[in-house]
Structure formats: structure tokens, C-alpha cells
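A.B. asks: Residue-level listing of the chains:
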Amino acid sequence: MERAITIAGAGMTRFASDADADVRTLLERAGTRALDDADVAGHELDAVHVGNMAAEAFEDLSGLHNALAASLGAYGAQADRVENTSASGASAFQRGLQAVASGAADTALVAGGERMSSASTETATGVIGSIVHPEEYEYGVTLPSFGGLAADGYLRRYDAPYEALATVAAKNHANGANNEYAQFQKEITVEDAVESPRIADPLRLYDCCPTSDGAAALVLQAEGGDVAVRACESAVGTHAVAERDDPLEIASVATAGERAFAAADRDQGDIDVACIHDAFTVLELLELEELGFYDEGEAWRATMDGETRLDGDLPVNPGGGLKARGHPLGATGVSQLVELVWQLRGEADGRQVDCETGLAVNVAGFGNNAVCSILEENT
Amino acid sequence: MTATECESCDEAWAYDRVRCPNCGGEEFESVELGAGELVATTVSRVTPPGVREPNPLGIARFGDVALTAQLVDEELDAGDEVVLAGDYQLRDGHRGPRLEQA
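Protein sequences appear in the order of chains Z and H. Numbering-wise (our numbering), the first sequence opens with residue 18 and increments by one. Numbering-wise (our numbering), the second sequence opens with residue 59 and increments by one.
Looking at chain H on its own, in the form it has when it is part of the complex:
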């Protein structure tokens, strides 16, 4: 799993955007996320159609980049070291990585 970094100013972010929020640059490169820390968790117990129920979720911070993602299970807790990895069914029609113990 990768984040996006601006080639002009090195600002980094996880969520697709059309321009760099810092310098307005439009040339980006992908950078590896590496290991991060889980900062908050929840278990969503009422989920949209096509999404697992319950759906454990967490916010993880990887240096300057942070994101919300599904947790591999409910055992993960804030403070745990995590990686965004694997290939899971996230919701109907979408596959991708989950936060796993590093």
C-alpha cells in the first residue's frame, strides 16, 4: 500500500486529490507507507449493504500520513504498530488491504 508524495515539495497524503495542498503541484509519486501506529478504533455494528457486519475500523498514522481503514480483526487496539497489507474483500465489488499487526 502506498501514499502519494508531491515531487515539488515532498508533501505527502493518503487520499487522492488533484493538486498538492501545500504548493499546488500536479506531479506526484507513490511512496511506501511502511509501519504506522493505530490511534483510534471502533467497531461499526450497523453497516451499509455489501459491507461486513460488524466492521472493525481504525485510524492509523504513518509519519505525516494518516488514513481510516478496516482492521483485520477486533483484537487490534490503539497504540498497536500496524501495516496496511493483504488483499481482502472490503465491500461488494471492492478488494484491498486492511490494517494488520506489524
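Only chain Z is shown next, with the shape it has when bound in the complex:
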């Protein structure tokens, strides 16, 4: 990066299954919270970048970035919307970061938001399903069915029990129970997950993230913020899932992770806390392995041994992850970074872990694209 970038403010809305406002209003709420947290006025913004996947389809809305910038009084700022399906939030963060790093902006607002509840289930399913390859679409393939195929391959290859997946869900629900911004603030047991309805074998209801409404925002500044951005790197993988050399491979995550570690000059041992894109429980295990935190086939055992709990060696998804915090598509990548900011500042009441360095990975589709960021206390 050409110059050091810091995060000076963070804010979000509580994620919900049915929010009381449209996505523009949710973005305003998150945006004003981040600005107030940074003590920055709207007119001081040089850049406004919004991550959102499908406001046209969900709510018949376009031009979210201009609406947000104008509402905040950021006239004259460069502004646009970034779409990278379920990684739109982290891609908007990368765009804002590049704006500040290049010198085009000194102060940037990055906001991610989505309101999925306004569309019928049929429309929402259609929108989410539209990201798969047309030849996958013909077979009625859904995102959960990719999760089911990967989970089948993982449990089979490593002779792991289903309870390994259920343990991810129980852990992330336990973390979400202590996060007032989480959609689900309720603990579940491994047995609850085991007994929940089947969605795409072997995945059950509690293996899958919900659909959600919500927004999250960050204020970036060239210097002065209390959190430093050490890296934000992204990579495209295959479009069709079967084109991977191995059904358990998510090359986009591995590549984005390698680039982020190299750019930050950090390695896996330096990471004290991680926010992983657990749209399905099996993805938390696969991504931890792709990022090099565990060898292939080892993440499930580490999870069952409690290593990824709040009191473990590598706390994963302390805010509840997509599973419990919720997954409003365009908001998710930004909300992962908001959680890291709170953790690094020591403000994560009830779920605080001891940390100086944190990593987040936000994934588009079932690994079509991934964005990996490394944040650190700015000492």
C-alpha cells in the first residue's frame, strides 16, 4: 500500500430478519454511527463507497451511493456502488482503501447494506440463485446444495462426524448471544443442530446462515485512526464449482489469504482473532484450512477441541459469524471488519478476546471471489 490507512470510525445496525426501514435508511443509520464514532462530518468525506448486491431486485432501488452521500452532506465526494455478490461489502472496503491509498481521498466512508426481507421468498431465491453458472442453474443447484456437496466430501474424506459441523453452529450461536447487533442472540446445543430439518444432506437448518436485513459502515483516514489496515487483497476463483480440481478447494480464499499475509508481512501465527465467511458451517472449516490456519482435514478436530471458541487459541467469528449475526449480503463484509475494530479496541463487551491483530475473509458465491483483510491495533 502506498500509504498507511487507518480506520477512524465503525458502526452498524442490528441485523434482523425483517427490518423496519429500507436499505437506504439502514445505510444512513450505519453511516451516521460510523461518522459520529470517528467525529467526522459528512462534508469532510472525499469518497463514499457502498457495497450492495441487489437493491434493484429486492427493493426496486438504484443509486444507493448517491442517495447516501447526499443525505450525509458529502457533496463533491467521489461515490459509487460496488457489487461483488455476497462479498460486495469487503469489495467496497477495498475500493475505499484504494481511494485513500492512492491519495484520491483523505477521508472515505465505506458502507455495506442489504434488505432481503422486502422480496418474496421466491424472488429472493431467484436473486441469490442467479449467481450460479447457467448450466448449474438448469439443474436447480442452489447455494445450500453446494454446501451440501462440500460437506459430504469433507466428512467422507476425513471420516469426520456430522457433529463437527454442528459444533461450528453451536459456537457461533454462543458468540452471537453476546452480540447486541446479532440477528440471533440465542444459544443452541449441538443436539439442536443435529435434530434440525435437513436442507441439503448432510447440512441441516442450523448449518445455514439466514437471510437478513442490515447495514454496517467504516470511516477510513490516511492516518490518525486507532486501527491500522495492514492488508486487503482479493482474488477470483472458478465460476462453476465443479471446475475446481477438488470439490473441497476454494482457491479464491487461498489466493486472497496468501496475498494478504504477504502484503501485511504477517503469518498465521500473528492472527489473534478471525472473522470467517460461514454462510454454511462447512465453509468455516474449509476456509480455515485454505487460509493455512489448519492443515487439510484438521479444522474439524480443532473446532471440536474448542480451539476456535472465544477462549481458544484462535477465536473464530466472535460476533456470531454469518450464522448468528446474520447475512445481509452487501453488509456482511463490512460487519466482519466492524467486529474486528471493536475487538481490537477492546470494546466487544461480553465477547472480548485478547487481540492485537485480526483477519477477515468475505466470500462471493460459493468461492467465486474472496476478499481477505488484516487489521491491527494502531500503536
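FYI, nobody ran anything at the bench for these hints, they're computed from the structure. In this text the structure is predicted, and so the values were computed from the model without any measurement. No incorrect hints appear here.
Chain H residues, not near chain Z, derived (Cβ > 12 angstroms throughout):
| hint | residue |
| --- | --- |
| 1 | E65 |
| 2 | G83 |
| 3 | A160 |
Computed from the model, here is a short list of chain Z residues facing chain H with C-beta under 10 angstroms:
| hint | residue |
| --- | --- |
| 4 | G143 |
| 5 | G146 |
| 6 | E152 |
| 7 | Y154 |
| 8 | Y156 |
| 9 | A167 |
| 10 | Y171 |
| 11 | R173 |
| 12 | P214 |
| 13 | I216 |
| 14 | T255 |
| 15 | H256 |
| 16 | V258 |
| 17 | E260 |
| 18 | P264 |
The beta carbon of each residue, even a glycine, is placed where N, CA and C say it ideally should be.
Go by the hints and put chain H onto chain Z.
C.D. replies: This is chain H only, laid out in the frame that chain Z set:
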């Protein structure tokens, strides 16, 4: 059912694309898939409108080419030898082959 092969470098793939990912070639030919091996399966139990429910699916590998497709039934399992064959209603408005026991 066929796959696509690049006439310049013999790279093969199952999913339509505009250029060869290996050499950038644009001249392709169709090649027969033959028999392959099922590597993972699932039964999707919540399916989109116009798709059968439940919807058994699998990933099958045919040499260098792999694809996701509907299974003819839930009895097929990973490790089974399969072919992509037949003419089935895949979803409303789409007909095509499913993975069947070879």
C-alpha cells in the same frame, strides 16, 4: 452428453466459456464425456420453483472434466461409476441428461 475441448491445446471443460482458459483459443470441438466417477453427493430438500423436491445432486469427474448434475435417484453414492445420459425434465422449461449408473 459432451464436453468442450480446445482445438489448439486440448484443454477440456464442461461449462460454456468464451475462450480457452489455458491458451486463449476460440476454436473448440465437442468430445464425448464417457464414464466418470461420482465424487460427492447431496439431496437438496429446499428447491427453487420449478425444480423437483427433493433434488439429488452430485459432482462427477470424467478425467480432466468435472461437473455438477442431477442424480437419477438418491441411491447413487460417491465412488459409483456414472454416465451423464437420458432426457429428463430438469426444471420447468429445461430438459437434459442426469447422472445414471454406468
